[in-house]
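Asker: Could you slot chain B onto chain A? The hints should help.
Chains as they are written, first to last, in the numbering used here: chain A, 1 to 112; chain B, 1001 to 1113.
Hint data in this document are derived by calculation from the structure and do not stem from the laboratory. All values derive from a computational prediction rather than experimental measurement. Among the hints, erroneous ones may be present.
What the hints assert, rightly or not - Taking lysine-lysine pairs in the DSSO-like style, the calculated list, with each CA pair at most 27 Å apart, reads:
1) K1057(B) to K26(A)
2) K1022(B) to K1009(B)
3) K26(A) to K1105(B)
One-letter residues, chain by chain:
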Amino acid sequence: DAGVTQSPTHLIKTRGQQVTLRCSPKSGHDTVSWYQQALGQGPQFIFQYYEEEERQRGNFPDRFSGHQFPNYSSELNVNALLLGDSALYLCASSLLGTDTQYFGPGTRLTVL
Amino acid sequence: AQRVTQPEKLLSVFKGAPVELKCNYSYSGSPELFWYVQYSRQRLQLLLRHISRESIKGFTADLNKGETSFHLKKPFAQEEDSAMYYCALSGPNSGGSNYKLTFGKGTLLTVNP
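Excised from the complex, chain A in its bound form:
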């Protein structure tokens, strides 16, 4: 089991563009959470998906949206990119009802 995987590893976009990040959870996990980690900061919760629905959401604007597929994989979409969206985006998977989240390596997004 490769654990949580994320693609792409790095991404460069310009302001106003849209981006899609992808995450495959650890085998057997059904819940996916997304976090944004700005430079020098801890990860900040964006939202969580379970059973293909958004279950919890952090303090992020509607420009951030997501999706979960029947195979539990997930996408994070960000529209109308701003310079401040430059960050490492982390995906974490877990099994509903358990407290351990397994993190992926992250996608480094740079907005120019």
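Answerer: This is chain B only, laid out in the frame that chain A set:
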């Protein structure tokens, strides 16, 4: 609102010395507390959680509700302990959803030979 504070951005100790990484939290209920660690070029991983009261790699952490703290301690630091450490908390998970973590900004621990 829930908040986690790690007052030290950097902490440097010598091998064999005791180490304590501080974590204070703000939460109006009974939180679940965790320590996550990120070694160089590795992904973020769970080190320990207060509810299990376990010792992992010689590290322990005690939840002090009176002081709203969850400091991470190790009596004798090793060079391989050098890493970024994040304290995190989660409120009780509601039905149909799972743990949502609030992280501190992290403390970079360097253990010198």
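Asker: Please go over all the hints and tell whether each is borne out by the structure.
Answerer: Do the hints match the structure? See the list:
1. K1057(B) to K26(A): Given that 27 Å is the threshold and the Cα spacing comes to 24 Å, the pair holds.
2. K1022(B) to K1009(B): Given pair K1022(B), K1009(B) holds - Cα atoms ~10 Å apart, limit 27 Å.
3. K26(A) to K1105(B): 26 Å, holds
In summary, this structure violates none of the numbered hints.
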